[in-house]
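Chain by chain, the residues:
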Amino acid sequence: MKSILIIASLLLAVMLQTTLAGFLTFQGAGPNLILVLVLILIIARDFKKFWWVVVLGGFFLDLLTGLPFGLVSLSLIATAYLVDWFKSNVFSSVKFWIAAVLITLGSLVYQLLLFILARAFRTTGLFDFKYLLIEIVYNLLVAFIFYAGLKKVFGKI
Amino acid sequence: MKKILTHPFILSLLIIASLIFLNSQSWLNPVKDAFYYLSKPGQAVFYFSSQRINNLFEFIGSINQLADENNQLKREKENLLSKLAQLNETEKENEFLREQIGLVQSEPGQLILARAIGLETSGLRRYLLINQGSQQGVKEKAAVIKSGNFLIGQVKEVSDSLSKVQLITDIDSRVNALIQETRVAGLVRGDKDYDLLIDLLPQGEKIEKEQIVVTSSLAGLFPPGLIIGQIQRIISSDVQIAQMAKIKPAIDFEKLDWVFVIKVAP
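If you're matching them up, the sequences are chains L and Z in order. Counting in the numbering used here, the first sequence runs from 482 upward without gaps. Counting in the numbering used here, the second sequence runs from 4 upward without gaps.
In short, the hints are calculated from the structure, not lab data. A hint or two may mislead.
[What the hints assert, rightly or not] If you want a taste of the chain Z side facing chain L, the calculated C-beta under 10 Å gives, among others: (1) L14; (2) I18; (3) W30; (4) P33; (5) V34; (6) Q54; (7) I56; (8) L116; (9) I120; (10) R129; (11) E160; (12) D173; (13) Q214; (14) V217.
[As the list claims (entries may be wrong)] Below, in silico cross-link-like pairs of lysine-lysine (BS3-like), each with a Cα-Cα straight-line distance of 25 Å or less: (15) K95/Z / K611/L; (16) K529/L / K611/L; (17) K530/L / K611/L; (18) K86/Z / K209/Z; (19) K209/Z / K249/Z; (20) K611/L / K249/Z; (21) K195/Z / K212/Z; (22) K611/L / K251/Z; (23) K266/Z / K249/Z.
Note that the coordinates shown come from a computational prediction; the quantities given were computed from them, not determined experimentally. Ideal Cβ placement from N, Cα and C applies to all residues, glycine included.
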């Protein structure tokens, strides 16, 4: 039942990413709802439990995005794995501020990976600090909303 | 070996690599078509609702400026009516001259009406999703316009019932264009701050604000004469080989609803 709800949340996040998120941009940057949802699940539990959610989320986003197919999935899975590793090896427990640090780290790594992997996919990659900063602020706001929502739905995730 | 292959990260990479391979061979198309078909209604509902909310907030934010904007629009309307009258006269003149020299007017391109159902802005990309696909005659590289011959972008990916349109504000977009008044040619491209730039304008050519930029017939990618925008600011240095200018787009890409896809000739 929880898996079905997670898939439904993922689909909803994908649809909102290609609709609502497009209208929330500021200076060209907006929230990345799939990235935030994936990171929250990874932070709340771990990569081993939710790796399939990351693959599925990346796949859905690859279908709707204008980026070359596979670029988003690869960036997302590598980001999720790295954030999970960081969480497990650097921090002893996950508090609110640690989650914020991990979301920030995840946003940075994701943008870096998109930039680096863009070359392999023969497309233009851009890394812009102003864009990154705005996206991090957006992602932190969205993470707070998602976390509260997921906790209400699932109880303890 | 088995332990490595069953590690979640390695397994994920293998699955993603397989999907990339399947997509490159077009074997994922049935899955993609099914996904687009099922998600289209939901996409449309979310897109229209988001657009309405966005319009409401924009309206509330612009209440103070409404009176000034109204006066400005009235003045512009008067100017446009005058220009329209002149253009009508010119058209009649052209028709008469064509008849005189036996020149046949080229047929306007066929149009496919489509509705915007999504706006993709992640990774500094700008793409529009529309609800028409190959079943309705949409093909890759077709130009997409708004009524009034305003250029929106180009179809980049087509499935059975949905297409992805690369907006002209996307950083990878390139459009051969010219300044309507002076016929000076340049290249319009998207900028990372989502401005439009016209580049490769020859040094020495006089570029002025509010000049209209339209598509040219160079490279044959877009029909000529489609309106892109107006020159907003000139960026020119005597040291550089070419001039550059920022363009104010003719349309608001957040208010796209009904669009037209120009059918590609077989």
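Here's how the hints hold up against the structure:
no.: 1; hint: L14; verdict: holds (7 Å)
no.: 2; hint: I18; verdict: holds (6 Å)
no.: 3; hint: W30; verdict: violated (12 Å)
no.: 4; hint: P33; verdict: violated (13 Å)
no.: 5; hint: V34; verdict: holds (9 Å)
no.: 6; hint: Q54; verdict: holds (7 Å)
no.: 7; hint: I56; verdict: holds (7 Å)
no.: 8; hint: L116; verdict: violated (20 Å)
no.: 9; hint: I120; verdict: holds (8 Å)
no.: 10; hint: R129; verdict: holds (7 Å)
no.: 11; hint: E160; verdict: holds (8 Å)
no.: 12; hint: D173; verdict: holds (7 Å)
no.: 13; hint: Q214; verdict: violated (25 Å)
no.: 14; hint: V217; verdict: violated (25 Å)
no.: 15; hint: K95/Z / K611/L; verdict: violated (53 Å)
no.: 16; hint: K529/L / K611/L; verdict: violated (33 Å)
no.: 17; hint: K530/L / K611/L; verdict: violated (34 Å)
no.: 18; hint: K86/Z / K209/Z; verdict: holds (23 Å)
no.: 19; hint: K209/Z / K249/Z; verdict: holds (15 Å)
no.: 20; hint: K611/L / K249/Z; verdict: holds (20 Å)
no.: 21; hint: K195/Z / K212/Z; verdict: holds (22 Å)
no.: 22; hint: K611/L / K251/Z; verdict: holds (22 Å)
no.: 23; hint: K266/Z / K249/Z; verdict: violated (30 Å)
Consistency with the previously given hints fails for numbers 3, 4, 8, 13, 14, 15, 16, 17 and 23, ordered from lowest to highest.
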